[in-house]
Amino acid sequence: MYEESLRMPFIIKYPRKIQKASVTDAMALNVDFAPTLLEFAGIPVPDFMQGDSLVPILEGTTPENWRTSMYYRYWEHMSKPHKVCAHYGVRTDRYKLVYYYNEALGMARAVDIPMEPEWELFDLEKDPMEMTNRYSDPEYASVVSDLKDELQRLKSDLKDDE
1 MYEESLRMPF
11 IIKYPRKIQK
21 ASVTDAMALN
31 VDFAPTLLEF
41 AGIPVPDFMQ
51 GDSLVPILEG
61 TTPENWRTSM
71 YYRYWEHMSK
81 PHKVCAHYGV
91 RTDRYKLVYY
101 YNEALGMARA
111 VDIPMEPEWE
121 LFDLEKDPME
131 MTNRYSDPEY
141 ASVVSDLKDE
151 LQRLKSDLKD
161 DE
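For the sequence shown, the working numbering begins at 1 and goes up steadily by one.
Once the Cα atoms are required to be at most 25 Å apart in a straight line, the calculated DMTMM-like pairs of lysine to aspartate or glutamate come out as: (1) Lys-159 <-> Glu-118; (2) Lys-148 <-> Asp-25; (3) Lys-148 <-> Asp-161; (4) Lys-148 <-> Asp-123; (5) Lys-148 <-> Glu-125; (6) Lys-159 <-> Asp-149; (7) Lys-20 <-> Glu-59; (8) Lys-159 <-> Asp-52; (9) Lys-159 <-> Glu-120.
No lab work stands behind these hints: they were computed from the structure.
Modelling step: build the complete structure from the supplied sequences, incorporating the hints.
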């Protein structure tokens, strides 16, 4: 869940609606792409569809109620070629909390290698390179608690119950 995996450029050209060379720092997720394209096409977005349309942001106005956190999950425990432990987490503008649950959960391509679960917390303002895990730091106890609550809220919203 490092920044290299989260920060992916989204480039879209639609001269009738989007100002040339516009840039935003608003959090966008891959689940936002379909509602965005449907709205641009004038097709109603189904209620069951995850994500939110990026149209207001692309047109230059970030809604007041736009997300301030995002959920991420990597299912393929120790699969080739990455060999990354299965994990999920939450990211805000300043913090990132990651839980490595380290189980294959019967997922395709996941490798059933038992490992101890572990947590990571990064203060992206003080540690943008994510080098120091602050999870066990008493100064960050309330941050950990708040982020765990937010993580559960996001998982519940997405109906991700493993």
